[in-house]
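**Q** These are the residues of each chain, in order.
There are 4 protein chains.
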Amino acid sequence: MMEIVVQALLDKAVADARPYAEKGRLATYIPELTKANRRALGVCVVDLDGNHWRAGDFDTTFTIQSVSKVATLLYALETCGIQQVLSRIGAEQTADAFNSIIKLETRNSGKPLNPFINAGAIALIAMLMEAVGEDLLSALLDYLKTLTGNRTLSVDADVLRSERATGDINRALAYYQKGMHTFTADVTAVLDVYFHMCSLEVQVIDLARMAALIASNGRHPATGEHHFSAESARCAKVLMTTCGLYDSSGWFALEVGIPSKSGVGGGILSVVPGQFGIGVVGPSLDDKGNSIAGVELLRRLSRTQGWSLFA
Amino acid sequence: MMEIVVQALLDKAVADARPYAEKGRLATYIPELTKANRRALGVCVVDLDGNHWRAGDFDTTFTIQSVSKVATLLYALETCGIQQVLSRIGAEQTADAFNSIIKLETRNSGKPLNPFINAGAIALIAMLMEAVGEDLLSALLDYLKTLTGNRTLSVDADVLRSERATGDINRALAYYQKGMHTFTADVTAVLDVYFHMCSLEVQVIDLARMAALIASNGRHPATGEHHFSAESARCAKVLMTTCGLYDSSGWFALEVGIPSKSGVGGGILSVVPGQFGIGVVGPSLDDKGNSIAGVELLRRLSRTQGWSLFA
Amino acid sequence: MMEIVVQALLDKAVADARPYAEKGRLATYIPELTKANRRALGVCVVDLDGNHWRAGDFDTTFTIQSVSKVATLLYALETCGIQQVLSRIGAEQTADAFNSIIKLETRNSGKPLNPFINAGAIALIAMLMEAVGEDLLSALLDYLKTLTGNRTLSVDADVLRSERATGDINRALAYYQKGMHTFTADVTAVLDVYFHMCSLEVQVIDLARMAALIASNGRHPATGEHHFSAESARCAKVLMTTCGLYDSSGWFALEVGIPSKSGVGGGILSVVPGQFGIGVVGPSLDDKGNSIAGVELLRRLSRTQGWSLFA
Amino acid sequence: MMEIVVQALLDKAVADARPYAEKGRLATYIPELTKANRRALGVCVVDLDGNHWRAGDFDTTFTIQSVSKVATLLYALETCGIQQVLSRIGAEQTADAFNSIIKLETRNSGKPLNPFINAGAIALIAMLMEAVGEDLLSALLDYLKTLTGNRTLSVDADVLRSERATGDINRALAYYQKGMHTFTADVTAVLDVYFHMCSLEVQVIDLARMAALIASNGRHPATGEHHFSAESARCAKVLMTTCGLYDSSGWFALEVGIPSKSGVGGGILSVVPGQFGIGVVGPSLDDKGNSIAGVELLRRLSRTQGWSLFA
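In the order they appear, the protein sequences are chains A, B, C and D. For the first sequence, the numbering used here gives the first residue as 1006, with consecutive numbering after it. For the second sequence, the numbering used here gives the first residue as 1006, with consecutive numbering after it. For the third sequence, the numbering used here gives the first residue as 1006, with consecutive numbering after it. For the fourth sequence, the numbering used here gives the first residue as 1006, with consecutive numbering after it.
Excised from the complex, chain A in its bound form:
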């Protein structure tokens, strides 16, 4: 694609999708998220040579929330290996809500179903805590800085405070798993990492760069360095496809078909394998917690460009 074509494509997709923001609403579970601009919609696309294009409100700053679960997964796969990850966290989608606790009691004796529901992300961090120890948070932050190429990535202190203040369901998910012997790490330390990893401030270019690395199977376009293996990239793409958008992941696979991970901050990280990484932001959410205009923007890009894995 020539640059001008990409830019026009993104400008049009933003313009066409932006009205969808009206149908959704801001996340309310922590007060800070309600301060976002509901009409904002921004996108960034990065190709495998590191070129990038941006459109709309691309300079919106937002918290990464569940999108960081992709980085945690990659780090866990690299640190502990896929076999250990799968022995402790499942790879199956659930039709329950992202913060549901039921299946921990009714299935697999405390083993969470996948790493992108809250229970699974907590289990992943606990597994890493047992492997890496107290330096886990700085190791994860450093890894995320590397994947995004943004060395100044930092936490939104207000959001972090809110996550801690309102995180009791996550505490329940953690203690329940600890009680079922899913992990042995200290719950408070595990949740401290979890809350930090939700509270990082990012822009769409950060998500797009991380996505482009997955699209290139872990190889950095400029340095040629491998930040994770093709195996880890494949694992991330599978789980983003099957479980990336909460309990509308199947519908998203039908409508869009691009491996993606959403967060309640309005961000979506999307991978067009071998071609592009995409970052989207749109704080107005649908009833499952996904950016409503962001999903529509991706749907339009996927349809016009044939980017669905299943096309």
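Mixed in with the good hints there might be a few duds.
Note: identical chains are not told apart, hence a pair may lie in one copy or across any two.
Claimed, not checked - Here are the simulated lysine-lysine pairs, DSSO-like style, with alpha carbons at most 27 Å apart:
{"no.": "1", "residue 1": "Lys-1040", "residue 2": "Lys-1116"}
{"no.": "2", "residue 1": "Lys-1028", "residue 2": "Lys-1040"}
{"no.": "3", "residue 1": "Lys-1116", "residue 2": "Lys-1293"}
{"no.": "4", "residue 1": "Lys-1116", "residue 2": "Lys-1017"}
{"no.": "5", "residue 1": "Lys-1028", "residue 2": "Lys-1150"}
{"no.": "6", "residue 1": "Lys-1017", "residue 2": "Lys-1150"}
{"no.": "7", "residue 1": "Lys-1150", "residue 2": "Lys-1040"}
{"no.": "8", "residue 1": "Lys-1150", "residue 2": "Lys-1116"}
{"no.": "9", "residue 1": "Lys-1028", "residue 2": "Lys-1116"}
{"no.": "10", "residue 1": "Lys-1293", "residue 2": "Lys-1040"}
These aren't lab readings, by the way, just hints derived from the structure by calculation. Keep in mind it's a predicted model, so treat the numbers as computed, not measured.
On the provided structure of chain A, position chains B, C and D as indicated by the hints.
**A** For chains B, C and D alone, kept in the frame of chain A given last:
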């Protein structure tokens, strides 16, 4: 009943029921409980004049565990009134296990089903913590000392340590409810009271005296003092009948029909309204967590004496 | 009680409770039930000598619905014995709705929790069908005629047609249990009996006479004949207490404390052991499916007369 | 690929995967399935020009079982359109068993989660029955004959009889949905079609040919005729990826990554988009109901040939 008849009755019931201990097993969820004598079986009956009869291993010391939930309920009814108790904790039995978390997600948005499952007892303590404040533990201990007439009641420090060390499912139940806004009290403080109230060392005479007070609708035989209202006594008797023996409460109502509350320490507190309070201990448990020989002992007493509410 | 006192008591209870009908609504699950008079409220009390008193709209005719499950239970206990009944149907209350199917999958491999939820009543009829054969329906009808003393008891053909037309959830409950090998009887034949047993037309005096028989442990006041054993009566009283009013049975035990069974036709059958049988009708239902004014009427009788089992 | 290379590839994959059959067991839910040869393993690959290669026990005849759900889905998409299909059946995976009934009660008021669990396939047939009428079965059979190119496709009468005789859980799933107004079609007629569609006798070449049509987006290699749209093909590929192997679909996507649908007859239909259709048979099943050696065979093909969608 003349004294000699009662004594013979109890001696025979212990002898007949003791072999049932072989069919059960000791609670294993905390290490201290496995140290109990599996064959032990003791009983104490107290009448409304304060006379008592004892048989079997009546001098066995055991931890009160869930039997203390009766005292907590009475204290909550007296302190907050039945309307407030019922507005925050249900009165319905569940067919789930005593420490199940599912219904908190699927029913009533975090309101626990009854005060005798773990979730409900935690909610009760939280409600009291909000009403009474930091002195709750000493207030509850003092109340229990009054109800049992045992001023030397104290905590088994090893059991308390174990309860805390292994209490993660209870922590999950507490945090989940806090996250659902069932209560606002501090979870750590609430659980500290909860764990203390499970770890108290008692003998059957303590349970029997508390039961006799319920049998007399709160009026102390010697002093004539009312430790709780007839309304509170009625409420306790109802809930012991419908929910007192975990998820075999219905079967127990059929087979025995005496309002009772069991604990995994092997204790059972039973109320023959207007007649007797009974305390039983038998650490060997059935698969629901009830004293297997203790239930059999009560079944024999109920059948021979016509003590079932439903006879 | 002298006759005039009882009559005045009932008249006052009807007058005081009738306004509660405004807070409820008619059952809508079958069209015929919506034709009832929402403001109707009637009561009949029968003592153990066969005397009766009536007040309010005692001549309202209504369908028996779930109240017939008491007769089915008594017949099953007499025909198959309590051990067989308990081996095939549980005695535990559930906090799920009366027509819930979940627990058949998650607990006990298809064994229903108790005989008063739909699943359990269907299993009871299936067990009887296996024991009695094709004559079951006429045997059950004959038994119900005997218990009520009403030899002209007959089916409301419109309601029966509606039950069949709208009975798919009950069909699902039956087939699921058949599929789990809970029973082997023919599902269509079982449901035919079930639907008939819901569609019988009764008045409060019919329920009160059946209730009086339970209050007298099965012995008919006039003839002295035993229609069921004291053991069966006890079993019915226990299950009515723990499971008789759907998922507000616990609340009803607290507020009223009289063993009772309700139906969505607005009827309630209540037993004051050793004293009275009571029949109530009030078609306006609360959100659990119980007669809202009928429950209030019973609550007032229980409080003023001290009829609670737990008083 | 040259023919000899493909043949050698398949021969080796069969030889390497066959020992895995030892770890599984035959389906037992209907007696006929236990008569299969547990060690059998066969495969057929068809390219988009209609060439085919076969290895192992490719001439094993087996019943299609749940693999036919792919044909039903395609027919429904072509007949009713994707919007109507999605309005009545979801596209989300569940972590429950393929014949679970729980989610019909707890989620979406009777709308099944996806078309590949039993509840969803039944709903799909019911929707078609409403649209097509009584000729549905012959229409579906004819469609399947067209997709497989096997005009002699017929039902195994013994299996059909067994499906009907043991189909009570499926009856429960159907009646429950009817009771929740998910559909209005006649349950008996719907299930008759369902049971027929499970009982068809096939060989791996039949599955491979149907798969090749999906791989070519509906266009027949020889005739150029379009048997379904690219849109329908995409929808099938998505759902096979997310939900095709019961509750190990996510694990299969990680390990194999080829859109596939399994059946308890031991068959698997797999689509390598734009390249191949694959049919596999191996009656020895893993604990989720998937052919254990068949999955291993596909895993080896995917790894050596880079056939994963997510590679």
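**Q** Confirm or reject each hint.
**A** Here is what the structure says about each hint:
With identical chains, the CA atoms of Lys-1040 and Lys-1116 are never at most 27 Å apart, being 36 Å at best within one copy and 31 Å at best between copies. Proximity of Lys-1028 and Lys-1040 under a CA criterion of 27 Å is satisfied intra-copy only: 18 Å inside one chain copy versus 41 Å between copies. In this homomeric assembly, Lys-1116 and Lys-1293 come within 27 Å of each other (Cα to Cα) both inside a single copy, at 23 Å, and across copies, at 17 Å. Taking CA atoms no more than 27 Å apart as the test, Lys-1116 paired with Lys-1017 passes in neither setting, with 44 Å inside one copy and 36 Å between copies.
In this homomeric assembly, Lys-1028 and Lys-1150 never come within 27 Å of each other (Cα to Cα): the closest approach is 34 Å inside a single copy and 45 Å across copies. Taking the closest pair of Cα atoms, Lys-1017 and Lys-1150 never come within 27 Å of each other, the shortest separation being 31 Å inside a single copy and 45 Å across copies. Taking CA atoms no more than 27 Å apart as the test, Lys-1150 paired with Lys-1040 passes inside one copy only; the shortest distance there is 26 Å, against 53 Å between copies. Taking the shortest Cα distances, Lys-1150 and Lys-1116 never come within 27 Å of each other, neither inside one copy (30 Å) nor across copies (42 Å).
For the identical chains of this complex, Lys-1028 and Lys-1116 are inter-copy neighbours only, at 24 Å across copies versus 36 Å inside a copy, given an alpha-carbon limit of 27 Å. In this assembly of identical chains, the alpha carbons of Lys-1293 and Lys-1040 lie at most 27 Å apart only when taken from the same copy (20 Å versus 41 Å across copies).
When held up to the earlier numbered hints, the structure conflicts with 1, 4, 5, 6, 8 and fits the remainder.
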